[in-house]
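Given chain Y's structure and the hints, the job is docking chains P, U, L and E with the ligands onto it.
Residue numbers (the working numbering), protein chains in the order written: chain Y, 63 to 377; chain P, 48 to 320; chain U, 48 to 320; chain L, 1225 to 1492; chain E, 1225 to 1492.
It should be emphasised that the hints constitute simulated quantities derived from the structure, not laboratory data.
Treat the hints loosely; a few may be bogus.
Said to hold, decoys possible - Computed footprint of chain U on chain Y, listed as stretches where at least three residues anywhere in the stretch have a Cβ under 8 Å from a Cβ of chain U: (1) 104-113; (2) 123-136; (3) 209-218; (4) 260-270; (5) 307-314.
No residue lacks a Cβ here, since even glycine has one placed at the ideal position from N, Cα and C.
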Amino acid sequence: GGGDPAAGGGGAREVTLTLNWYPYGEHAPFYYGVKQGIYDRHGIKLKIQAGQGSGKTVTATGAGQTDFGWADTSALATAVEQGVPAKSIGVFLQTTPASVQFFTEKNISRPEDLKGKSVATTAGDALTKTFPAFLKQNGMRESDVSIQNIDPAGKMAAVISGRTDVLLGFASDQGPTIEEKAGKDVGYLRFADFGLNYFSNGLLTSKSVLQKDPELVRKMVAATQEAWAQAEKAPEAAAESMKGAAEQLPSPAVVLEQFKTTLTLLHTDATKGKAPGVNTAEDWRRTIETFQRTGIITEASDPSAYWEESVAPKG
Amino acid sequence: MDTVSGDRWRGVVERTWRPAALMAALLVVWHLVTVTGLVEAYLVPSPARTFELMIDKWSYLWGHTWVTTVETVLGFVIAGVLGVLVAVAMVCSRTIESTAYPILLFAQVIPKIAIAPLFVVWLGFGFEPKVVVAVLMAFFPVVISTVTGLKSVDTEMLELAATMGGGPVKTFVKIRFPAALPHLFAGLKVAVTLAVTGAVVGEFVGSNEGLGYVILQANGNMDTPMLFAGLIVTSVVGVLLFLLLDLAEQLMLPWHASRRGAAVTTLPAKGGS
Amino acid sequence: MDTVSGDRWRGVVERTWRPAALMAALLVVWHLVTVTGLVEAYLVPSPARTFELMIDKWSYLWGHTWVTTVETVLGFVIAGVLGVLVAVAMVCSRTIESTAYPILLFAQVIPKIAIAPLFVVWLGFGFEPKVVVAVLMAFFPVVISTVTGLKSVDTEMLELAATMGGGPVKTFVKIRFPAALPHLFAGLKVAVTLAVTGAVVGEFVGSNEGLGYVILQANGNMDTPMLFAGLIVTSVVGVLLFLLLDLAEQLMLPWHASRRGAAVTTLPAKGGS
Amino acid sequence: MKTAGMTTTSASTSTVAISGVSVRFRSKRAETTAIERVSLDVAPGEFVSIVGPSGCGKSTLLKLVAGLLAPSSGSVALLGEQVRGPRRDIGFVFQRAALLEWRSARRNILLQAEMRGMNPAAAAERADELIEMTGLSGFENALPHELSGGMQQRVALCRALLHRPRVLLMDEPFGALDALTREQMNVELHRVWRETGTTVLLVTHSIAESVYLANRVVVLTRRPAVVQEVIEVGLPGTRDYSATMARPEFAAATAHIRDLLGAVTGHD
Amino acid sequence: MKTAGMTTTSASTSTVAISGVSVRFRSKRAETTAIERVSLDVAPGEFVSIVGPSGCGKSTLLKLVAGLLAPSSGSVALLGEQVRGPRRDIGFVFQRAALLEWRSARRNILLQAEMRGMNPAAAAERADELIEMTGLSGFENALPHELSGGMQQRVALCRALLHRPRVLLMDEPFGALDALTREQMNVELHRVWRETGTTVLLVTHSIAESVYLANRVVVLTRRPAVVQEVIEVGLPGTRDYSATMARPEFAAATAHIRDLLGAVTGHD
Ligand SMILES: Nc1ncnc2c1ncn2[C@@H]1O[C@H](COP(=O)(O)OP(=O)(O)OP(=O)(O)O)[C@@H](O)[C@H]1O
Ligand SMILES: Nc1ncnc2c1ncn2[C@@H]1O[C@H](COP(=O)(O)OP(=O)(O)OP(=O)(O)O)[C@@H](O)[C@H]1O
Ligand SMILES: [Mg+2]
Ligand SMILES: [Mg+2]
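For reference, chain Y alone in the conformation it holds in the complex (with noise of 0.2 Å):
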């Protein structure tokens, strides 16, 4: 691959990147492996493009929208169940950042805590579905608690005026959104401290470009994996990188927030010390077994249906 004459000046190929979401501090990363000129020397011309929730990026992926993804690894698993030509080629976030969020002023430390409380989640997507497997880890039902279904943005909003107690997000993204805004302190649950732990976000892409192109991906996922590296080296360099990147973000106060939150998930157990995007088979089985078991997916397979590891270098 990279072979198309067509393909731009200096051979670097253009190749586009949605997101999960709209850029926000745990993508700093990939700005900063742009800026740094880390995907150009991997012969990549890195476009980033804003997503609108891991489902879609997974589809769009899938059906050749976009040469690249990066999404939430159940929201892969479920499209793979209905057939969607996806294939993830390394999970980064290896560490859910899921979560329950709440001010610490709830005085909510455990998760017997959230007994009678109302938490705010979003209908239909991962983590909702995986919290009544959370509670059940931590010897409570669903019917402890109340859930009640708002928009995303509305999440924030009814945790902060106090319609809801709590709310279910990725502790990268909303926590430290809201402690800016309300001027306090947020406290989080998070699911992997709390016995339950899987695979969250992750590049993809489709079937036919890692049949077509493998070469490409390849490079996509080196450089990605360099620029993680680098970017877990100088964090505070990495938020900078964005600045300017992207118009539209958070504070600079909460991107760098967001982002060191994020180098807290890269790794598990098994891949300590390895670079960022390695992944274990193991791992992966433990992920669609808790998928399974949650219901984000009915039938389990076996990990090469969701995963390409052969394009991944073995760090």
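Then chains P, U, L and E with the ligands, alone, in the frame of chain Y:
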């Protein structure tokens, strides 16, 4: 008597067979498109699977449909009444017209889903925000149509009314309003379809029930059969409400030219008693 | 000459001062509401901050506004042309009318945001899906209004046309269509506001530019000043397009009763040459 | 100012007092002076016919009296009161029938009663009486588009008579009627006028009709309408139709009006 | 079947051949028989007037001939061809003016030309000629609502004459005109008819007009309209207005028609 009811029956068949045929044709196309794999199942499910699901889950769907229908109807009725009142005020007074227009336009153009947090915080998660969104969506066409209708009344009729000294209220009730009805109905028809959309969008904003919830959840699960079932049911609700309005129009405006049928072809009845 | 232009100038002032005063009043209320902390900043920003931001980021906003405006105008024009054509076809043939109605209704009632992912998959993240959503939103009011308008032509005028033997095309161009224009404009006015919403909703679904992108991102970041800036600009686009249509109506339909002003108060001009 | 001399001084006792009225219409294209310094006083209970060339301003004049138009200069008083806006103490038959297309003939007539809040039972009875009188029986429930032109005009006439107005303004109310029906209507109108003492202003194109019915006939000139002459019709109060037509005063008056209008000969 | 005998056999040579035509209107409320077994033949170039009581079915008859209505029974032929739908080889003046409110007087007249695809320059010239003839000069650019009732009617008349139709159907075309203007129009119409050999069917309420203009006058009865009598007017071809009125044949014909219509006396 027999012939009359026979005629009526034939009329119903006459009016329904074409849309029915079209629906059947669309179903066939849908079926073929999915069966041949032209469109993948993760995007569009097969009609068979969709209807199977609808039958399996009919009580689930019915419950949510009922919620959405109530919200829609309530929103539509409020929008209709408010819309007519505002239009009347605007026609009565240039001051009101020129001040109200910008606000209305503003309220109309803003994407409702963008102000979801306001709805959530101010109105909570119950019934109200959905009705409010439905009202906001349906309101504008009613106002615009009614204003146009009220203003196109024959000026000579209004002069006549003035010489009868009935005052603005009676003139309105007996002349302006009936004359504006054809316009008003055009507005109401658009409004009722928008009210459905409004209720569903309201449910998107925050809800544990209703077709919006069903659709959103299906979308999240990539459960295309359920998504299409939700969309179909939503459409059916909209179409039925629209047809109800159409019926009301036919009953209330038998005099309107648009109901009198084509001009030139008017034939006096052949034969007689 | 002087008096005429003076009159015109006074007319403009006359027509604009009230909306302007209202806008000012709303701004004051908005200011007070935010300054007193009645509504919190995470929900509604202060006008000062909002306008500050709009000035700071005007080139950013302008770029996105332009994108949305182009999508809107394109969608509106397509919807207008298509809508009129469909309406004409429906008025010409009962067969087409009864078959087309259900499809139109169906297309109208389905919440666009729910099927938008299909557009993204089929049409990508570019220009097209937004225009398609705008067309889908704006289409229906045009059809309904045009059908109503075309059908309310005076039957005697049509009879007259028949005796002139101009054929359906000329009858349409010279009689039916001009007579339907007041209705059509009412439909177009609703349509243009819906086209704006359609373009923005299309951008919600998947886009890297346009006001929908700005708004949704601001919503995600709880960046209320940016959110309100986006909403204000969106509304301004809608209002301006609406006013353009209003102007077109005034220029094209000087004869229409609704433009002739109130009946009874018609005063012949005082004085003369 | 110049016209002051033309105004009679009986304004306070007149039912209709038009003094020095001019009406100018201004449109984008042109300015039309429809009426120029017209003065006219109508005594209580008087019947005045107005004749004049087409487009001279007769309809405009009636609308002035009804308060549906304001004069560009001059003033109009009705029943001793300055006309400033639409007046309800009148009955008006427009040149066009102006019926509500969604109301039956009978309900179009009863509109008058509904707008004035008249007693419904009494109004209904009166309506039936008028329907009978104008020969509309059998078509009470027909919608306007199911009526012939003359029938529509008769409905409009009934509507104007329903409330027994003190002042009746009629703009060519019999124009769409055939000769026979027109005569019958003339006789009926004359009877109604005699019995009720209503003041009537009638615009008509029929010279015979104008003379048969009126105390005075006002002849207007071409546009801009000026009062050319006012003819006192010296006919007796009760007028048998054929007897009246045969009287020399009748012939003299019609001939004179024809001359005034510049008609070549006596056709109407 | 029964009416077959009443049909003249000259259908093929007649311009208008109405044979045994009945028209029944059925509405939700009632069934109205407007016309009952009417037969009438009009020879090429003939001028036929139709008179009859208001609401008897005169307008209905004209619409039948124009193909705007289909008879409930019987048949109509125009220019030797069976009438099955709207016919364009005619000029029609409706009872109401039926003007397009967004077109000026002149452009309303020119509608006829545009619809027929006539040569624009020639049509414009002809329009100006007709405007001149009908005394509308100065109001060419006025919109219908700026015109008086009579002016609107004259515009409709011009429109019907613009294309010099072979058959002219006129439904009370001078009803809103004053006596003088009406006479002028009568004279003009007579001239046009003489010069062009147009076949004319004229519905009118004026007996004098019907006799002055026509070769034959058809008198219809009350609804349902039956042909009561057809009067041959024995007047010379070229008719000076005042001279014609003075002729004994004229007096005899009008008196006879008045009798037929049951009029008490000779007012029209
Ligand atoms: N709204 C208007 N705008 C402009 N000009 C007008 C308007 N109404 C009437 N006119 C003009 O005023 C003049 C008088 O009109 P009016 O209707 O009073 O005539 P009229 O005497 O009733 O004629 P007719 O016997 O034909 O009904 C006409 O020349 C007409 O063109
Ligand atoms: N569309 C219709 N539906 C029902 N009845 C109708 C319709 N058109 C006409 N009629 C009836 O047919 C009869 C004849 O109507 P037409 O208009 O031909 O009368 P006309 O002789 O022209 O009367 P006029 O002199 O008053 O114009 C009337 O009784 C009328 O009520
Ligand atoms: Mg007039
Ligand atoms: Mg008629």
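Here is how each hint holds up against the structure:
1. 104-113: holds (count 3)
2. 123-136: holds (count 3)
3. 209-218: holds (count 3)
4. 260-270: violated (count 0)
5. 307-314: holds (count 4)
Hint compliance for this structure: hint 4 is the single one not met.
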